[in-house]
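**Student:** Here is what each chain is made of, one letter per residue.
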Amino acid sequence: MQAVNLFPHRAYAAEPEQLKEVMFYKKLPDLKVECEICPKKCKIADLERGYCGNKENRGGTYYTLIHSRPCAVHTDPIEKKPLFHCLPSSLAFSIATAGCNFECRFCQNWNIAQYRPEQVESTFMPPARIAQMAKEQDCQTIAYTYSEPVVFYEYMYDCAVEGKKAGVGSVMISNGFINEEPLRKLSKQLLAVKIDLKSFSNKFYKDYCSGELAPVLKSLQVLKELVMWFEIVVLVIPTLNDSPAEIKEMVSWIQKNLGPDVPLHFTRFHPMYKIKNLPPTSVSTLETCHKIAKEAGLHYVYIGNVPGHPTENTYCPRCNKILIQRMGYAIMKNEIKDGKCSCGQSIPGVWKLPMKL
Amino acid sequence: MKSFSSRRDFLKWITKLCVFSSGMMRTTFSFAGDAQIKIPNDRKSTVVIAKRPEVYSASGELSSPIVKQMLDAGIIKVTGISDVNKAWLSIFKPEETIGIKVNAVGGISICAHHEVAYAVANSLISAGIKSYRIIIWDRLTEELRRGGYTINRDENAIRCFGTDGDYEREPETSGSIGSCFSSIISRHCDALISIPVLKDHDLSGISINLKNFYGVIHNPNKYHDNGCDPYIADLNAHPFIKNKLRLIICDGLTAQCNGGPGFKPQWAWKYNGLIFSRDPVAIDQVGYQIIDEQRKIKGLQTLADAGRFPKHIQTAAKLNIGIADPAKITTVLA
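Here the protein sequences line up with chains A and B, keeping their order. This note's numbering applies: residue 1 is where the first sequence begins, and numbers increase by one. This note's numbering applies: residue 358 is where the second sequence begins, and numbers increase by one.
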């Protein structure tokens, strides 16, 4: 896609030549456009932006305002994403831009995800530079994370392409609220995906995230079909999405549609953004969720944001041996050899960076 | 003493209590401030229209002296005080910092004219307000610059700048809205003048006064569903707006009846008017009727028939922000 310098006087970015056209949208009459990246399908009039706030219709052409403009750049352990079955103890070069297609009332990164590009500090880092920096910092992957990468799709896609050239994989940390076509196209550039399953209730998605459940489930099914490595995270919020009945329904859907090998992380909520009136999730609630998932037959169930809890470890589903012992984001030991336990049981995941990305 | 059968029940009760408490706070806030816009007991409102066809020259240039004349005529009518300076001082006090919230989003062709905003600022100065107590502002400095405004942050003259990234650190709740407000409205200004544009909006039907305040929060993009309703009304019910907004002067010198909010020359027309009110809802109701009338002239469907009835006007009236009933709005020419 060609970078353009259409209206430099209108560009919020310091380098207006980096204004790029959105990859998935269609033009409508009267200079309107319809975004086709996510299921919101925003219809946007001239000079307006979509729900995500980081793409703008300028004269009937839809532009992303944040290509090459990350507002967060860090080197993280990949366990922080969390991805537990993907290159354990490796580093992920983690980037984000402003914007999100949800508005989760409990958003942990709302200071960037719920802001517009001009409201946050950002730096100019084109995809080739991202790939180069990832390589220089010994990162095996570039992680698109913190905010919602679906809304910086073009930048993520281009970084993943550049990463591949440099021998660096890409992982997407997402809410999964993406249309099928862009997901399929993107998946060819990715090594792994983490999806936040916010709840198993559409009402929760609507009331607390301004989203929908069905498209997220669809994305999970597409990832399964594509044989993409993915893990699921559920942020358990007291009273809002922690009922045993809902968890049971969720894990039974996962077992039936995605199989027992998809890692499922139940993570602890901390009061944030618009939900500050609830306490952090109790460990016992997380343990109840863990128990329900294990009873449903899921093999790899974890509790997150509770450092030192035994369910941070990866156990062999056959002999119950600790295969990867964790303490927070640190790996204390890793006894998976060639993707297997010493008992011979295969442990699914991405255990080494493929020669050909 | 209330008893709870489980921790879950207790937490649910606490959640309900917090929701209830926030509603109580909202009610209490609405009584603050002596000089705030008040809805009279007989619940009628006045909207003043000053039209001067000669405000644009034959070559299309805007005449600042005529803008000033319109402004004087309007403020006299809207206050009922024949002395212009006294009229301004009946609304604003010299010790107050006054924010003039313009709408510059549409670019120079369809934004609040800087000639109008500076004429308002100069009228305030003439009435005895110090120039450093006046801030002309919108969400982005860059948008103001594009609208022809002169950016100035020094206190030796009228200040003019955008919020840019300077929002409150924590979100405020008002009904369905949860947003961080511009510190210009939350911290710097004691009183507000809104200078919106008389124009169509693709989703909310119109973008006049009530919608002008989408430019004071950090996340307006989250509030465009359902024709922006009830979001626009809920936003305007927030004390930062409801208690500080004293006067609205809608810039209808150039107006637009379709294709908004961006400028569409085929739907723009010279209305040659400034519209004044102290009622944030009534002015939108009158502006809506003007736009719908122009749509008929242009052979367009009414906004209602086009599926863009501006629902937020009625919703704002229900929240007691102002009067929406046309029968209770007196329109006066100045």
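Hint data in this document are derived by calculation from the structure and do not stem from the laboratory. A hint or two may mislead.
Straight-line Cα separation of at most 30 Å, DSSO-like style, residue types lysine-lysine; simulated pairs [stated by the list, open to error]: (1) A:Lys32 - B:Lys443; (2) B:Lys668 - A:Lys26; (3) B:Lys675 - A:Lys27; (4) A:Lys43 - B:Lys653; (5) A:Lys203 - B:Lys668; (6) B:Lys443 - A:Lys274; (7) A:Lys43 - B:Lys685; (8) B:Lys408 - A:Lys41; (9) A:Lys32 - B:Lys655; (10) B:Lys675 - A:Lys206; (11) A:Lys40 - B:Lys668; (12) A:Lys206 - B:Lys653; (13) A:Lys256 - A:Lys43; (14) B:Lys668 - A:Lys43; (15) B:Lys653 - A:Lys32.
**Student:** Would you check the hint for Lys256 (chain A) and Lys43 (chain A), treating anything up to 30 Å between C-alpha atoms as holding?
**Tutor:** Distance ~36 Å between Lys256 (chain A) and Lys43 (chain A) Cα, so the pair is violated.
**Student:** Sort out whether Lys685 (chain B) lies within 30 Å of Lys43 (chain A), counting only the CA atoms.
**Tutor:** It is violated: about 36 Å lies between the C-alpha atoms, which goes past 30 Å.
**Student:** Verify the proposed pairing of Lys32 (chain A) with Lys655 (chain B), using a straight-line Cα cut of 30 Å.
**Tutor:** It holds: about 20 Å lies between the C-alpha atoms, which stays within 30 Å.
**Student:** Check whether the Cα positions of Lys675 (chain B) and Lys27 (chain A) lie no farther apart than 30 Å.
**Tutor:** It is violated: about 38 Å lies between the C-alpha atoms, which goes past 30 Å.
**Student:** Next pair to validate is Lys668 (chain B) with Lys26 (chain A); report whether the Cα-Cα distance is within 30 Å.
**Tutor:** holds (28 Å)
**Student:** Tell me if the straight-line CA distance from Lys43 (chain A) to Lys653 (chain B) falls inside 30 Å.
**Tutor:** Holds, at about 25 Å.
**Student:** Does Lys274 (chain A) sit within 30 Å of Lys443 (chain B), going by the straight-line distance between their CA atoms?
**Tutor:** violated (45 Å)
**Student:** Given the proposed pairing of Lys203 (chain A) with Lys668 (chain B), does the C-alpha separation stay at or below 30 Å?
**Tutor:** holds (25 Å)
**Student:** Run the distance test for Lys675 (chain B) versus Lys206 (chain A): straight-line Cα separation, threshold 30 Å.
**Tutor:** Within the cut-off at roughly 25 Å; holds.
**Student:** Mind checking the alpha carbons of Lys32 (chain A) and Lys443 (chain B) for me, to see if they're no more than 30 Å apart?
**Tutor:** violated (47 Å)
**Student:** Hinted pair, alpha-carbon criterion (30 Å max): Lys206 (chain A), Lys653 (chain B). Please report holds or violated.
**Tutor:** Violated, because 38 Å separates the two Cα atoms, which is more than 30 Å.
**Student:** So if I understand the rule, the pair passes when the alpha-carbon distance is 30 Å or less; does Lys668 (chain B) with Lys43 (chain A) pass?
**Tutor:** Roughly 19 Å separates the two Cα atoms, so the pair holds.
Of the numbered hints stated above, those contradicted by the structure are hints 1, 3, 6, 7, 8, 12 and 13, listed in ascending order.
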